[in-house]
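Visitor: Two chains, each in its own frame: build the complex with the hints.
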Amino acid sequence: MSTATRTPPTGTGRPGVPARPGAGDPGGGTAGRAPLRAPSRGWALGRVGAWVLAAAVPLAFLGTFFAWPVLSLVGRGFLPDGSLDLSGFADVFSRPRTWRIIGLTLAQGAIGTVLSVLLGVPGAYVLYRCRFRGVGALRAFVTVPFVLPTVVVGVAFRALLRENGPLGFLHLDGTFAAIVAALVFFNYAVVVRTVGGLWQRLDPRPEQAARSLGASPARAFWTVTLPALTPAIVSAASLVFLFCATAFGTVLVLGGMRYGTVETEIWIQTTQFLDLRAAAVLSVVQVVVVVAALAVAGRARARRERALSLVAPGSSGAGPRRPHWAPAVVTAGVLVLLALPLGALLLGSLRTGDRWGLDHYRALGTTGGRNALTVTVWEALGNSLRIAVDATLLALLVGCLVALVVSRRPRRRAARRAVGVLDGVFMLPLGVSAVTVGFGALLTLGHPFGIATDLRSSGILVPIVQAVVAVPLVVRTVLPVLRAIDPRLREAAGTLGAGPGRVLLGVDGALAARSIGLAVGFAFAVSLGEFGATSFLARPDLPTLPVVIFRLIGQPGADNYGMALAASVVLAVLTAGVMALAERFRGPAGGEL
Amino acid sequence: MARTRARRRAPRRTTAAGLTALAGVLALTACSVTGSGPGSDATSGEASGSAGGTVTLVTHDSFHVSDGLLEQFEADTGLTVKQVAPGDGGALVNQLILTKDAPLGDVVYGIDNTFASRAIDEGVLEPYESQAPAAADAAQYAPDASHSLTAVDMGDVCLNVDHAWFAERGIAEPTSLEDLTDPQYKDLTVVTNAATSSPGLAFLLATVGAFGEDGWQQYWSDLTANGLKVAEGWSDAYYTDFSGGGGGGPRPIALSYASSPPETIPEGGGEPTTGALLGTCFRQVEYAGVLAGAQNPEGAQQLVDWLLSDAVQADIPGSMYMYPVSTAVDLPDDWARWAPLSDAPFEVPLDDIAANRDAWVREWTDLVVG
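Listed in order, the protein sequences are those of chains A and B.
Quick note: the first sequence uses the numbering used here, first residue 139, plus one each step.
Quick note: the second sequence uses the numbering used here, first residue 154, plus one each step.
What the hints contain is simulated information worked out from the structure, not anything from laboratory work.
Every residue gets a Cβ at the ideal spot worked out from N, C-alpha and C, and that includes glycine.
Take these hints with a grain of salt, some might be off.
[Stated by the list, open to error] Between beta-carbon pairs, the in silico distance windows are:
1. B:Gly421 / A:Leu256: 44 to 54 Å
2. A:Leu222 / B:Glu275: 18 to 28 Å
3. A:Leu496 / B:Asp220: 22 to 32 Å
4. B:Ala489 / A:His309: 37 to 47 Å
This is chain B alone, in the form it adopts within the complex (with noise of 0.2 Å):
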C-alpha cells in the first residue's frame, strides 16, 4: 500500500481497532445486566416455584453476615432472599415511608430507637410477635407495645480517646462530657454532623438527656466555644481527625461507638491504643419490622426469626460490630475485655424523640453548624 494512501485511511483503522477493543472489552466481561455473575439468583428467585419464594430485606449498606449463615436460612426455609440498601438512618426510614404504596421489599432490618417512631406513626409497619428464642430478651428493648419493632442488636454511641495521645503528654483523659468544655481539652474533640450522621443524632441525644430539653443548647456552646470540630460522617470523624483511628488525624478525643476500640489492638495483641468513655454514650437499639403490604408477609416473619436465631446473635458483633440483643450467646473474648457497654447510658423517651427530633436538629445545626 502506497505511504500517503496509508496514512490517508489511518483513522479508519484506528476507529476500527476501538471498535474491535470495544468489542474485546464487551466479551470479556460478558456485558449485560441478565447474565451478570453471581447476582443472576435475582431473576432465578423471580420465579418464586420454590416452597417459600422470595423475601426482599430492606436494609442499610452495614448489614452483614457471615459467609454461610443467610445461606443455611435459606437452604432452612426454601426462601431466597434479595437484598435492597437503599439508605441508612433516617433516609433508609424515609424511603420507606415514601414508598409506603409500593413497599421496597418485605421485610426492614436497620431502623433504629432515633427513627422508630416516624416509621411507626407513618404505618409502614405490620405487627408481628416473634417467638424465637431471644424474642424475650428483644422484648425490653421494644419501641411500644405494638409489635411493630423487634428489636435485634444495640451498641453505644461514645466518645472514644487515643490513650497514647494524652500519655504521652502527661494530660488527665476526659471521662465526661462536661469535661470537654474543660480549657485544657481546647481543640481536642471531633463528633459527627447530627443532622446527616447517626451516631451525630445519637450524641445529640445524649446531650439532651444529660442537659435535659432546656440545658443541651448552652452545653454546645460551651462545646463549640472549646473548639469543637464537626465532621460531616463517622468516617470522616474516626479516620481523619482522630488520633487514634489509624488515619493519624489531630484530634484525640472522637464520637464513635463503644465497641471501637478493640479494632485498635496493636498487631500481635496487648492492650487497644484507644478506649471509649463510658459516661458520654447514648444508647443505640436497631430494630427489625415486617412491612405494611409486604408480597411475602410469613417470609418476612421467617426472616425476622432468623435474625433472633443464635447463629445471627453470636455472629452480630463480628459482622456488624453491635451487641445481640439476646443474653444467651457469648460475646468475642476481646470484646468482653475491651468493649464493655456503658452501664448507664443516657437516654431520652422515644415519645419526646419523636416529637422533637426534627426541631432539635434544626436548632442543632442553627447554633453549632451555623
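Next comes chain A alone, as it looks inside the complex (with noise of 0.2 Å):
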C-alpha cells in the first residue's frame, strides 16, 4: 500500500517548487535519488526519536480511539466465552443473503465508480483545466454534496424520486438505480477535485506537441493526456470505491435493507439482533474488500506511476478560456443533476402550507412545533461549530504528523515498509463501519486509563470520533504537498547550515502550511457533516445540527418537516462556505479566483 497515496486525491497538490517543466516528480523522487546529508551518530540517532515519536502520537490516538473499540467489538463476536470461535464464519457464509449483501456492495461499489469516473473526468477538465468567469463557485458547489450528512440528502432524493416528485416518472424510487445515482452525487467531487488537480498542473506542452503534429484534439487527449492522469484517476477510483463499498446512510434511506450493503448489514446485527458474531465476520469482510481495493489501486498505480511533466497552476496559460463542447456539455448537465435535489431541499423549506415563505428559517430560533428539539437550532449550531474546531484542530495536529512521517522516504528498506504500512493504517478509519466504531467507543471508552470521568456520557468523545474520520482526509490534502517538494530545496536548506529542525519547519513546514488552508476546511466540513458515530455519542442536551436535523425529521407535524429542511438548508450553506473559503487558501492555486 506503499504507493496508494501518491497522488493528491483532492486535487491540492500545489507544486511545492517553482514552475520547472519537464523536471518535477510528484513522487518527491525516490530513496536513491534523495541523498540526505551525512549525519554525524548522534544526529541520526535522535533524529529517529523524532520521527518515532512523530509517529507515535498519531499512533496512539488512533489506536485509542479507532482500533481498540473497533477490536473490542469485533472481539467479542469472535471470543464469545473467551475462547476463540470461528464458527461464525461458516454460519455466515452458508446465509444465502450474506452472498447477496457481499455481491451487491461490490456491484455499488464499482458501478459507483465507474460511474463517478466517467462523469467526474470531463468535470475534471471543465472545472479544473479551463478558466472562465464562476469557476471557484462551482468548484466549491461540486464539494457540498460530499460533506453533507446523508440523512439529507436521503430525504432531499427521496423528494425527488417519489412517485409524485419530479422525477417520479422515472420509477427509480427504491431501485438500484437510485443508490447508485445517490453514490455518484456523493463521490462526484472526489474525482473531480483529485484528477482536477493534477491536470491543472500538468505541462500542456505535450498535448499540444501532438496537436501540432496533427493529431486530434481526441487522439491527444487519449495518448498523451489520460496516461499522464491515470495515477490520479486510478487514485480517485480507489477513495470512491471505499466511499461506495461502505456507504450506509444513503443506502440504508433509499434502499432499505433489499440493497444494503455489508456496512448496513454490520448496522442491522449489531443493532438489532445482538449478532455479534455475524457483524465480526462480517467487519472482517469489509475490511478485507477495503484493503484489497487499496492494494489493488497501489499496485496498478506502481505500474503507471511515472515522471510527470508539471507546472504551476495557470502559469504557462495552461487551460483553455472556454472549454471543448463535449466535456461541458456533461459537466453541465451533471451540475444541473447535482442541484435537483439540493433544489427540492432549498424549495421545500420555503414552503409554508400552500404559499411561499421565510417561515421555517424564522422557526430556527425556536425549539420548534410543541419543543420538538431541547435547544434552538442556531444552539445546535453553535455546538457543531465549536465542536467542528475541536475536531479540526485535532485532526490537523495528527494529520499533519502522520502526512510529515508518510513523506519520508527513509532509506532502510524495513523503514520505508513501516512508513506505507502507516499510511495505510490511517485510511482504515475510512473504510470501517461508524457503527462499529461507535457502539465500541460505548464498550471501551468508559474510563480509559482509569480517568474519573466517564467520557461517554461526557460528549467530549464527540470531537474525536470525528476527529478520526477527518485525519485521512487530511493527512490525503497535506501528504501530496510534502512528497511533491523537491528534496534539493531541503539539501541546499542543510548546506547553508540549517538545522534538521529549521529545514522542517522551513521548507516543509512552510510549503505544507499552504495546503493546511484546504486541510482546515475539509475537517471542518466533515466535522459539521458527520452524523453516523456522532449519533451515538452526542449528549442529548448539546446536540449538533445534524442530530437536530435527524431529530426534526423524525417528529410530526409538518413544520417540523419544513423547520429540518430549513436546517438543512443551513448546514449545506454553511459547509459550501467553509469549503469555498478553503479553497481561497489553498495558495496561489485559489489565487486565480
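Guide: Structure, rendered in C-alpha cells:
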C-alpha cells in the first residue's frame, strides 16, 4: 500500500516548487535520488527518535479511539466466552443473504466508481483545466454533496424520486439505480478534485506538440493527457470505491434492506439482532474488501506512475478559456443533476402550507413545534461549530504528523515499509463501519486509563471520533504537497547551515502550510456533517446540527419537517461557505479566483 | 514594495490571512470542549459535592420534557441530571447489554415492550418498586412481576389515512388489516421496516396478534402483492410517502401512531385531515428502570419516581406524543377528541415476543424485503 496515495486525491497538490517544466516528480523522488546530508551518529539517533515520536503520537490516538473500540467489538464476536470461536464464518457464509449482500456491495462500489470517473473526468477538465468566470463558485458547489449529512441527502433524493415527485416518472424510487445515483452524487467531487488537481498542473506542451503534429483533440487526449492523468484517476477511483462500498445512510434510506451493503448489514446485525458474531464476520469481510481495493489501486498506480511534467497552475496559460463542447455539455448536465436534490431541499424549506415564505427559517430560533428540540437550531449550530473547531484542531495535529512521517522516504527497506503501512493504516477509518466505531467506543471508552469521568457521557468523544474520520482527508490533502517538495530544497537549506528542525520548519512547514487551509476546510466540513458516530455519542443537551435535523425529521408536524429542511439548507450553505473559503486559502492555485 | 516582489510573496500572505481567519474562528467559537457553553454542567456535576450528586439517564433521542421540569427536579432533589442517548428501540437495549459491565448510566428510560424481555433476561436492570402516585396505574402495564421495568407511557402504532385523499376520489376508507389486501387499495399503503424501525416492528407484531403465529406470513405476502411499500423509518414513510403528512407524498395510507392526527389540524383550527385506523393498532409501552451496577441507585430511583409524577405525566403527550400511564392527569383537548387510543389493540404475549422476535423479523425480511 506504500504507493497507494502518491497522487493528490483532493486536488490540492500545488507543487511546492517553482515551475520547472519537465523536471518535476510528484513522488518527491526516490530514496536513491534524495541523498540526505550525512549526519553524525548522535544527530541520527536523535532524529530517528523524533520521527518515531512523530509516528507514535498519531498511532496512540488512532489506537485508543479507533483500533481499540473496533477490535473490542469484533473480539466479542469471535471470543464470545473467552475462547476463540470461528464457527461464525461457516454460519454467516452459509446464509444466501450474506453472498447477496457482498455481491451488492461490490456491484454498488464498482458501478458507482465507474460512473463517478466517467462523469468526473470531464468535470475535472472543465472546472480545473479551463478558466472562466465563476469557476471557483462551481468548484465549491460540487464539493457540497460530499460533505452533506447522509440523512439530508436521503430525504432530498426521496423527495425527488418518489412516485409523485418531480422525477417520479422515472420510477427510480427504491431501485438499485437510485442508490447508484446517490453514490455518484456524493463522490463526483472526489474525482473532479483529485483529477482536476493534477490536470491543473499538467504541462500542456506535450499535448500541444501532439496537436501540432496532426493529432486530433480526441487522439491527443487519449494518447497524451489521459495516460498522464491515470495515477490521479486510479487514486480517485480507489477512494470512491471505498466510499461507495462502505456507504451507510444513503443506502439505508434509499434502498432499505433490499439493497443493503456489508455496512448496513453490520448495523442491523449489531443494533437490532445483537448478533455480534455475524457482525464480526462481516467486519472482517469489509476490511478485506477495503484493503484489497487499496492494494489493487496501489499496484495499478505503481505500474503506471511515471514522472510527469508539472507546472504551477495557470502559470503558462495552461487551460483554454472556453472548454471543449463535449465535456462542457456533460459537466453542465451533471451540475444540473447535482443541483436537483439540493434545489428540492431549498424549495421545500421555503414552502409553508400553500404559500412561499421564510417561516421555517424564522422557526430556527425556536425549539420547534411542541418543543421538538431541547435547544434551538441556532444553538445546535453553535454546538456544531464549537465541536468542529476541536475536531479540526485534533485532526490537523494528528493528520499533519502522519503526513510528515509518511512523506519521508527512508533509505532502509524496513523503515520504508513501515512508512507505507502507516499510510495505509490511517486510511482505515474511512473503510470501517461508523457503527462498529460508535458501539465499540461505548464498550471501551468509559473510563480509559483510569480517568474518573465517564467519557461516554461527557461529550468529549464527539470531536474525537469526528477527528478520526477527518484525519484521512487531512493526510490526503497535506501529504501530496509534502511529497512534491523537491528534496534539493532541503539539501540546499542543509548546506546553508540549517539544522534538521530548521529545515523541517522552513521547507516542509512553510510549503505544507499553504495546503493547510484546504485541510482545515475539509476537516471542518466533515465534522459539521458527521452523523453516524456522532449519533451514538452526542449529549442530548448538546446536540449537533445533523443530530437536530434528524430529530426534527423524526417528529410529526409539517412545521417540524419544514424546519428540518431549513436547517439542512443552513448546514449545506455553511459547508459550501467553509469549502469556498478553504479553496481561497489553498494558495496561488486559488489566487486566480 | 516592488511589484514582482509583492507577487512572489502573495502565497505567504494568503497563508497568513488563512491563519488569521482560523484564529478568528477559534476565538469566536470560544474553542474547546471544556468551556462549551450551556453544557458545562457536565464537569461541574462531576464534582458531586451537592446533596444527591449526579444521576445519568440513558434514553433515546426522543426523550424530552417541557422547559423547567427537569430543572425543578434538580432543584428539589439536589441531583444533577446528565443524559446520554446512544440509540433508539432495539439499539438502546443492545447497547445496555453490551455495556453491562460498565453501565452507561444509572437509569434508563425508553425501553419498550417489544424489547423489554431481552433487557430483563440479560440482567441489565435492578428491580425497583416505585411508590409514586401513578405507580398503581403503571403496574398494570408491567412486563413481569420482577419490578425490573416501570411503565411510564404508551401509545398505539396504527395505520393512518388521509381523509382528503379518499374523499376526493370517492373511495371508502379502509378500516381493517384485511381491507389493505383489497385490490381497490392497491399501491396505496406504506409501512416501515420491521427490522430497523420500532413502529415497523410493532406493526409486524400487530399482524402476528391478528393472524396468529402461522398466519401472518400469508397476510404479508398478500400485502406485498397488493403494492405495499416499505420505507426505512417513520419519518421517511410519513413525510415522503404519505399524502397526509405534509410532505406531499403519493400514498394515503401510512403506518404511524394514534397520536399523529392532531398534528394535521389545519392552521386556524377545524378537524385533522388524517385519522388513525383503530382496528389496526399495536400498543407500545415505554418503560423506565434502574440499571444494574448504577453508581447512584438512589438518584436513579428518584428519577423513576419523577417520571411517574403528575407534572411529567401531564407533560408527556405534548412533549413525546405518548399517552401517560397515569389516569390522574388530563389529556390535551385535541388528543381527547382526535387521538383516542384503540379499544382493542392487537396483543402478543411478551414471552412469545421474547422467544420469537428475532426469528419473526428475519422471516419477515426474507418474505417482504427480499
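Visitor: Hint numbers the structure violates, sorted upward?
Guide: none
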